[in-house]
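Novice: Here is how the chains run, residue by residue.
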Amino acid sequence: MKIVVVFKWARNPLDARVSADAAISWPGVKLAASDDDPAAMEIAAALAAGDEVVGLTIGDGDTAWAAARGAARTVVVTDAPGETDSAATGAALAAAVRRMTGVGAVLIGDSAWDYAVVSALAGRLGWPAVAGVTAACPERGELRVTRRLGAATQALSAAGPVVLAVTANRAEKNVPGMKEVLAARKKPVEKITAADLNTASRYQVQTQGVRFPDTPPARIIDGGDPPTACEQLIAALRTDGVI
Amino acid sequence: MAIDGWVIIVDENRAGGMLDAARRLGGRVTAAVAGRRDLAKRAAGMGFDRVLCWESADGVPPEAYAAAMAERAAQEAPRLVLASDAPPARVLLGAAAAALNAALVASVRAVAAAGEKIVVSRAAAEGKVLEDIAVSGALAGIFDGDDAEQRGGAAVTVEIVPAEAGAALRVLSTEAESGAAGLLTAARVVGVGLGLRARDDLQIIEKLAAAMGAETACTLPVCDDMRWFASHSVVGSSHSRIAPDLYIALGISGQPQHMSGVRDAKVVVAVNSDPEARIFKNCDYGIVGDLYKIVPVLTAAFAASKNP
Ligand SMILES: Cc1cc2nc3c(=O)[nH]c(=O)nc-3n(C[C@H](O)[C@H](O)[C@H](O)COP(=O)(O)OP(=O)(O)OC[C@H]3O[C@@H](n4cnc5c(N)ncnc54)[C@H](O)[C@@H]3O)c2cc1C
Ligand SMILES: Cc1cc2nc3c(=O)[nH]c(=O)nc-3n(C[C@H](O)[C@H](O)[C@H](O)COP(=O)(O)OP(=O)(O)OC[C@H]3O[C@@H](n4cnc5c(N)ncnc54)[C@H](O)[C@@H]3O)c2cc1C
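Top to bottom, those sequences are chains E and Y. If you count by our numbering, then the first sequence holds residues -4 to 238, one letter each, in order. If you count by our numbering, then the second sequence holds residues 10 to 317, one letter each, in order.
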C-alpha cells in the first residue's frame, strides 16, 4: 500500500525562552521532528510492505529526514504557512496528498506540540481518520488500527484511504546513522509551492501579542527542616480543602 | 454581538469547561454529542441550550460520524466550535472546521468576543505564556483550559440526529487496562520518579500512600527502565491521565509528557531536591528537599492529621 508520511519541523516548546515581557524567543534552538514522527514512520514502513512510502513536509527543514527512515522520495511544499492558523497548513498538506495517486494511508505524528495540524489535515482530506494510534497492521484487506483511549486500548478496522495520527510512547530507538542519512540525500525531493496546489491561504487570524497567564506561581517551601516544611504543607492543603 | 457556539462531546472530560468558555461569546451553546445516548443525556443536564446527538450504534466509533456532524455544522454555521483533545473529538473537530472553513487553533484556554471578532487565548511555550489571537471568521479550537463543574438546572431535550456512519471505521475490541481502575478514580495519588534510588525504597512511598489513603503512580522510566511498576501505573501523555484532588510528585523532574497526565489534578505538590527542577514551575506547592528526609515526616504528618 502506498503511504504518505507527513513530518513536521518545529521547535520544542520546552526550549522557548520567555523574557520579562512574555515575548518568546528561540536562541539557538534548531527545528526538529517531534518524538511522534519516527513512530509514524515506523508504522508506515511496516504497512507499505514494500510499496512506496512518500515523505511530505512544508518549509525549509531537512528533506532527508523521511528518506533516511525508508521513504523513497519526499515532497516539500516550500511556502505553506506553518504558523498560527493550522487550517491553512492542513489545507496545503491535504492538497499535496490529493496530488498523488493511489495513496492508501496518510500517517502523521500526533504531535502534542501542536494537535491542530492533525485535525486540519484529516478534516480537509475528508478521509476516515483515527488519532492516538499506537500500532497498525494489514488485516483481511483492511487495516487493523490500535489506539489508546484514556486508559483503554481499542482496536479498530479501517477501510479505504485513511489518516492515522500516531503517538509515540518513547523516544526513537534506531536513529539513522550517517550512512543512511548520506544515502537519503540522494533520494528525489520534489519542491512545490502553495500556488501549484491552488491553496494560496487567506489569513483569518491575527496575533495580538503575548502575556503571562494570571495563575499564581507555586508556593515554594524550603525543605531544609522537614518537620516545619511538612507542617506548612499540611496547613496549606487543609486551607485548600483537599485534606 | 451574540456568537453561537458548538461544543463537540465524545466524553465528559472538560465538557463543563468548554461550556463556560463558549458562554463568554453570549450566544446559544449547542452540545454536539457523538456517542451513547446516556452521554447526551448527561450533557443535557449540564446547562447546554441544546443537545444534538449522533447516537453511535454498537461497534461504531465517534469518528464515523465526522462527515454527518460536519454537514450539520455547515448548515447551522456556528462561529465557534470547541472540542477536547480526546482523539475522536479532534477528528470530529477537524471535519467541522473544514466544513465551516474555520481557523483551527490548539491549546485554547479561553475565548472572548471583541466586536465582530473572536479573540482566542492559546497557551504557547509549554503554557508559560498566553497568546491572544483575533479571528475574523469561524474558529475551531482544541480546548485545553480548565474544566468546570456544571450544576445544570432543567435538562433540555436531546435531539437525536439520524445519520449514516459509513462502513470505513469499526471498533473491533476495547480493553480497559486492568489494574488502572483504582488510579483513574483515586482522590489522592502519590507519584514516584527517578529520584527514588532503589526498588526497596518503595516501602517509604507505600507507607506514605497508606497514611494518605492514596494510590501510587510513576513516571515512564520508573516503569520502562527500572521495572518497579507495571505500565498501568504510568501517568502521562502516552499513558494514563488522572484527575485526583491531590497529587504528590516525589523525585519527578516535571517533563511535559508526565505533567500533561496530571493537568486535571486539583492540587499538585512536588518534592524535589533540585531547586531548578522544572516541576516547580508547574505545581501548586513545592518542597525543595531530599525526598528521603521529607517522605517519612510527611507520612507521620498525614497519619496524625487523620487521627488528631
Ligand atoms: C508538516 C510541517 C512542516 C514544517 N516544516 C517547517 C520548516 O521546515 N521550517 C520552519 O521554519 N517551520 C516549519 N513548520 C512550522 C513550524 O512547526 C512552526 O510552526 C513554525 O516554524 C512557526 O514557529 P514559530 O516559533 O514562529 O511559532 P510557534 O511554534 O507557533 O511558536 C510558539 C508561539 O510563539 C509565538 N511567537 C512566535 N514568535 C513570536 C514573536 N516574535 N512575538 C510574539 N510571539 C511569537 C507564536 O505565535 C506561538 O504562539 C512546519 C510545520 C508543519 C506542520
Ligand atoms: C514519546 C515519549 C512519551 C513519553 N511519555 C511519558 C509518559 O506518559 N509519562 C511519563 O512520566 N514520562 C513519559 N516520557 C518520559 C519523559 O519525557 C521523562 O523522561 C520522564 O517523565 C522523566 O521521569 P522522572 O521525572 O522520573 O525522571 P528524571 O527526569 O530523571 O527526574 C528525576 C528527578 O528526581 C530528582 N531527585 C533526585 N534525587 C532526589 C531526592 N533524593 N529527593 C528528591 N528529588 C530527587 C531530580 O532532581 C530530578 O528532578 C515520554 C517520553 C517520550 C519520548
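Don't take each hint at face value.
Derived DSS-like pairs (lysine-lysine); straight-line CA-CA distance at most 25 Å [stated by the list, open to error]:
#	chain 1	residue 1	chain 2	residue 2
1	E	Lys168	E	Lys25
2	E	Lys25	E	Lys174
3	Y	Lys137	E	Lys25
4	Y	Lys50	E	Lys25
Note that these hints are calculated values from the structure, not bench results.
Novice: Would you check the hint for Lys50(Y) and Lys25(E), treating anything up to 25 Å between C-alpha atoms as holding?
Specialist: violated (48 Å)
Novice: Measure nothing beyond the straight line between the CA atoms of Lys168(E) and Lys25(E); if it is 25 Å or shorter, mark the hint as holding.
Specialist: Roughly 21 Å between the alpha carbons, so the hint for Lys168(E) and Lys25(E) holds.
Novice: For a C-alpha distance cap of 25 Å, please report whether Lys25(E) and Lys174(E) respect it.
Specialist: holds (22 Å)
Novice: Do the alpha carbons of Lys137(Y) and Lys25(E) lie within 25 Å of each other, as the hint requires?
Specialist: holds (20 Å)
Of the numbered hints listed earlier, the single one contradicted by the structure is hint 4.
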